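Student: One-letter residues, chain by chain:
There are 4 protein chains.
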Amino acid sequence: MTDLRFCLFGAGEMATIHAMNLISDARVKIAYVVDPSAERAAALALATGAQVVDTDTAFADPTIDAYVIASPPRTHADYLDRAAQTRAYVFCEKPIDHDMGRIQACMAALKGREGFVQLGFNRRFDAQFVALKQAITAGRIGSVEQVLIISRDAEAPPVEGFIQSSGLLKETAVHDFDLIRWLLEDEVAEVYVMADALINPEYLTVGQIDTTTTAIRMAKGTHVTVLNSLRAAYGYDQRIEVLGTLGQASVGNVPESLVILSTVDGIRGEKPLHNYHQRYAQAYRTEILAFAETVATGGMVTPDATDGLRASAIAEAAILSMTTKAPVAL
Amino acid sequence: MTDLRFCLFGAGEMATIHAMNLISDARVKIAYVVDPSAERAAALALATGAQVVDTDTAFADPTIDAYVIASPPRTHADYLDRAAQTRAYVFCEKPIDHDMGRIQACMAALKGREGFVQLGFNRRFDAQFVALKQAITAGRIGSVEQVLIISRDAEAPPVEGFIQSSGLLKETAVHDFDLIRWLLEDEVAEVYVMADALINPEYLTVGQIDTTTTAIRMAKGTHVTVLNSLRAAYGYDQRIEVLGTLGQASVGNVPESLVILSTVDGIRGEKPLHNYHQRYAQAYRTEILAFAETVATGGMVTPDATDGLRASAIAEAAILSMTTKAPVAL
Amino acid sequence: MTDLRFCLFGAGEMATIHAMNLISDARVKIAYVVDPSAERAAALALATGAQVVDTDTAFADPTIDAYVIASPPRTHADYLDRAAQTRAYVFCEKPIDHDMGRIQACMAALKGREGFVQLGFNRRFDAQFVALKQAITAGRIGSVEQVLIISRDAEAPPVEGFIQSSGLLKETAVHDFDLIRWLLEDEVAEVYVMADALINPEYLTVGQIDTTTTAIRMAKGTHVTVLNSLRAAYGYDQRIEVLGTLGQASVGNVPESLVILSTVDGIRGEKPLHNYHQRYAQAYRTEILAFAETVATGGMVTPDATDGLRASAIAEAAILSMTTKAPVAL
Amino acid sequence: MTDLRFCLFGAGEMATIHAMNLISDARVKIAYVVDPSAERAAALALATGAQVVDTDTAFADPTIDAYVIASPPRTHADYLDRAAQTRAYVFCEKPIDHDMGRIQACMAALKGREGFVQLGFNRRFDAQFVALKQAITAGRIGSVEQVLIISRDAEAPPVEGFIQSSGLLKETAVHDFDLIRWLLEDEVAEVYVMADALINPEYLTVGQIDTTTTAIRMAKGTHVTVLNSLRAAYGYDQRIEVLGTLGQASVGNVPESLVILSTVDGIRGEKPLHNYHQRYAQAYRTEILAFAETVATGGMVTPDATDGLRASAIAEAAILSMTTKAPVAL
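So the protein lines, in turn, are chains A, B, C and D.
The opening residue of the first sequence carries number 137 in the numbering used here; numbering runs sequentially from there.
The opening residue of the second sequence carries number 137 in the numbering used here; numbering runs sequentially from there.
The opening residue of the third sequence carries number 137 in the numbering used here; numbering runs sequentially from there.
The opening residue of the fourth sequence carries number 137 in the numbering used here; numbering runs sequentially from there.
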């Protein structure tokens with residue numbers, strides 16, 4: 137049994153999810169945890185049998201097979217730059233960075249190693265979306281003409297909690313932008329965004345919006361609509377519909393349970409799973425275990441750094457469209 | 137355009153439904169209305185352009201093409217006996233009578249004319265059930281093995297309103313007994329009934345029950361379960377499932393509208409249409425217009441008097457099973 | 137019983153639907169049919185008990201209570217101009233005209249009588265959409281934020297059959313533009329259209345497109361997306377979703393029947409009703425009977441000529457957006 | 137961290153499922169595997185780090201905390217008898233035995249320790265059924281009146297593979313009999329079974345049937361219907377409906393994915409998960425981890441040996457009803 141030595145940057149929520157999923161693979165040994173909070177690092181190290189080290193130690197050890205970057209977004213690019221100097225695989229939470237210039241600098245550093253850096257687009261590993269893509273790839277709906285993605289959070293954050301955010305388009309819609317590239321195996325040619333603060337107009341005071349309607353034309357001509365919102369009272373709303381020449385394939389929400397209550401108030405089904413933790417728990421697991429498998433067996437990862445670049449470029453164009461109130465070509 | 141002269145016995149709710157549907161067929165002329173209540177008869181005659189007459193006059197007129205018997209059940213057999221002496225078609229609400237002996241006497245009087253007497257089993261004309269039967273007949277599910285019929289009223293009557301009733305099995309389940317004969321094109325071989333007053337134990341004081349579970353074995357071996365109840369809080373529950381060698385065909389309830397409300401309380405659809413008036417409005421119309429068409433063009437009606445006899449015989453066996461607490465063969 | 141004298145322009149498919157629905161109202165007398173095809177006019181006159189007359193005779197008769205204009209679109213404005221000179225009610229199929237200048241001239245002629253001219257936006261009378269609007273109006277979903285309308289034909293016409301058409305936006309999407317004004321009780325502020333010929337690129341040779349994605353911002357800020365297409369293999373696709381502060385209200389397609397077939401091939405429900413005749417049969421009936429009721433009782437119609445103008449103005453802006461590839465303000 | 141020492145009887149499919157689930161609990165150490173097949177035992181011992189021993193060694197070791205009996209049914213009672221002499225917890229696959237006399241002898245041996253023997257009624261641990269029970273217990277549907285359980289295998293076994301089976305009622309329906317006791321917190325008062333070989337009449341040659349319709353009256357009066365069948369072309373059919381005074385709670389099948397394909401052939405959803413491995417994978421895991429938790433923390437297990445006795449007694453009565461063609465009281 138190969139022993140795969142992993143180093144984890146970050147010891148917060150996302151890092152913990154990845155760590156716990158990783159250790160269920162008997163081949164994986166989490167060697168190091170790196171985090172500015174000594175307390176948090178120690179806790180995760182204890183839970184995983186890892187050692188707390190500093191960044192330099194982490195990158196100096198040539199026996200590390202894989203770096204997992206699950207620290208805050210602003211730290212991703214720096215870690216990637218250093219990881220680029222090693223021969224190790226990298227798993228990096230999206231985005232590479234919030235700034236396109238910084239992303240491009242990072243891509244330059246990674247040149248030739250893009251295929252060894254897996255980006256954290258977890259939805260590609262969701263069983264429902266995988267089944268949807270299989271239906272499309274198998275030709276069940278013919279050539280794709282019109283796509284709809286609905287992606288809404290259940291609960292909008294308070295204004296103060298939103299100040300540091302890179303916003304709805306870069307934080308949330310970027311997942312949808314990656315999804316359509318993957319689902320359609322095509323690139324975005326043009327994007328138009330209509331954006332407003334309809335849920336909470338105060339978001340505008342911190343430069344944020346909460347509701348977007350995005351119209352995309354793909355290189356092959358396919359129309360894509362992405363509806364994003366920071367709030368859906370009924371829960372985390374994650375749906376996709378794909379119309380093709382032979383019909384439509386769609387995936388609806390995953391309910392909390394299948395119990396149906398029929399009463400004087402109507403026929404009531406359960407709400408969708410409430411947040412990304414619940415909805416994508418299994419996708420996170422499949423994603424990181426697929427990464428571990430690639431580390432074990434060799435070859436290229438997917439989605440890779442270039443996919444990260446492309447999704448960020450679409451988000452960047454979307455923001456430009458929002459600002460200029462005009463469609464933006466990519 | 138043929139002029140079809142109809143005579144209507146009864147001027148209550150059911151008679152009015154039939155009359156209003158009939159006059160939408162331009163060939164139909166409602167000539168006579170017969171009802172012990174002069175006031176009610178006059179109202180329906182006014183609405184339909186008919187004349188109020190007595191029973192003797194009604195049966196003495198050789199120009200009448202069709203008698204429609206929509207008066208109370210206890211009057212059906214007498215009217216049928218007299219109609220049997222004419223050459224006219226007859227539409228008779230179910231049942232022929234609540235007493236099997238009386239039904240058999242009536243069948244004797246009708247001998248040779250059974251196929252000219254249509255019984256009011258409206259559900260055979262429901263578009264959903266017709267589509268279900270077509271799927272079965274077309275072989276979509278292969279040979280039928282196990283059938284489930286759920287038939288529940290929305291609201292249970294008060295005890296006093298239930299004294300005169302012939303009961304859940306003869307009033308309600310008799311429709312289901314007819315449905316399975318029609319759907320499966322097979323006869324009932326054996327019936328077992330479990331019956332209780334679970335909704336309102338006071339029903340027992342007037343000899344009534346409100347909840348029945350009926351297990352039937354058909355002549356060809358098919359298992360049928362009929363679940364009846366006098367109350368379903370969510371409305372009139374009318375469903376059928378048919379399992380065959382190749383799969384299952386089923387029909388669920390028809391909702392009041394297709395509006396789905398997704399809120400913090402769940403994903404809520406509308407309740408089923410609330411009662412037989414609403415659920416079967418179109419079936420009543422199709423049923424009586426099919427009768428009028430047969431009157432116009434000749435030939436035999438369906439379901440006919442023999443179907444009425446058979447359904448009542450099953451109900452009779454069901455009651456015997458309930459009483460003897462044992463399966464009853466037919 | 138009031139006798140309402142109607143005059144019908146047109147004797148084609150739509151005129152026949154209106155005529156047949158109208159004569160089920162016992163108060164309505166179809167006095168005249170006007171159509172350039174003598175044969176077609178005679179047939180409809182025979183079926184309705186009407187007299188075939190020419191346009192001048194039709195407009196010269198002061199006893200006419202209502203004109204119903206169900207002739208080809210290019211004739212609507214001329215008939216409206218002449219009807220404007222009478223005291224009669226008018227029902228006019230949409231659109232008033234395909235040219236905005238002509239529509240405005242017509243509106244000038246109708247000045248003061250706009251509320252007596254009902255426009256044929258039948259979907260406002262569909263029971264599903266009425267129930268949806270009731271849910272919104274009753275406050276079930278709070279303030280509306282984001283709306284989705286999907287409106288797709290089942291089968292795309294041949295290129296030659298599309299030459300004379302005013303196109304997907306003016307013919308089909310105009311219904312959706314009216315629907316959102318009615319549903320949201322708000323006006324369109326801005327429209328952006330992405331339009332292509334994805335189903336059949338040859339449509340471009342006759343200046344037509346077949347797939348549109350339309351993003352609309354309403355005056356109150358609400359986002360609306362309208363997805364139109366000339367073909368959906370599974371049938372006529374007519375759906376609406378409305379997201380509000382308290383949740384979402386939606387209406388899906390009406391299936392041909394409720395039969396569900398569960399086989400080795402999956403769990404299969406019936407396709408949606410296949411075209412507007414089937415899907416909106418009852419809405420056409422409710423629409424024209426509502427018009428007859430207004431004619432009988434007095435008062436203003438709805439939707440009226442101004443609604444026709446507004447919907448056409450949105451379609452005009454949509455076409456401008458398509459051409460200029462930029463959002464267009466109204 | 138407590139170290140819990142487990143001994144496993146059996147090394148087949150079910151034993152392997154339990155073993156793999158158990159070792160994901162870090163407290164559990166599988167000390168011994170006992171199986172007549174040395175090869176099979178060795179394989180499972182290797183996978184779990186256990187030692188292969190014989191029965192006497194297994195029962196002689198006083199450090200064993202729990203015995204898991206997942207060997208063939210005919211061996212259960214003997215192992216239970218011996219385990220009854222120890223102080224260890226026991227997990228035993230259902231049934232205790234196929235013979236009621238043997239079950240009762242075993243219960244006598246277990247006297248006073250019934251609550252330390254967990255029976256393998258995995259469905260009690262299924263998330264859907266747990267949610268259903270919670271809805272009932274929370275009073276969402278009021279007092280229960282009428283229950284329906286549908287439980288059908290996807291594929292019927294060949295006749296030869298069915299010779300040794302204890303049959304549809306003791307193998308399959310026994311799960312449903314346990315479910316209703318648990319769901320309703322009530323005992324069965326009376327059972328009536330209609331049983332036939334409709335799928336494959338040759339089953340009769342080995343004393344087996346393949347289709348049963350079971351009507352049960354509970355002690356509190358509730359009606360229960362259980363529909364069992366050895367074949368459903370669309371897959372493993374596992375549904376429950378519970379009607380109460382305030383409405384109905386139901387759980388349908390779990391589909392393979394949520395993908396909906398809308399094509400010219402209809403609106404198609406995925407089939408249910410195909411067999412008990414797939415459908416109840418998580419329930420098996422939850423069940424055995426709940427057992428491990430009880431072993432770790434002390435207290436009584438549930439469902440226990442008495443539940444095993446009761447479910448078998450219902451199955452026994454069901455078989456008597458099938459044979460005598462009459463309802464059987466318990």
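None of these hints come from the bench; they were simulated from the model.
Note that this is a predicted model, so its numbers are computed, not measured.
Certain hints may be false.
Repeated chains share a single entry, so a pair holds when one copy, or any two copies, can fit it.
[Stated by the list, open to error] Below 20 angstroms or equal to it, Euclidean Cα-Cα: the simulated EDC-like pairs (lysine to aspartate or glutamate) are:
(1) K247 with E307
(2) K165 with E429
(3) K247 with E406
(4) K461 with E326
(5) K230 with D214
(6) K165 with D322
(7) K165 with D332
(8) K230 with D161
(9) K165 with E338
(10) K356 with D332
(11) K356 with E250
(12) K461 with D197
(13) K247 with E321
(14) K356 with E338
(15) K230 with E392
(16) K230 with D190
Student: Need the list of violated hint numbers for this structure, in ascending order.
Tutor: Violated hints (numbers, rising): 1, 3, 6, 7, 8, 9, 11, 12, 13, 15 and 16; every other hint is consistent with the structure.
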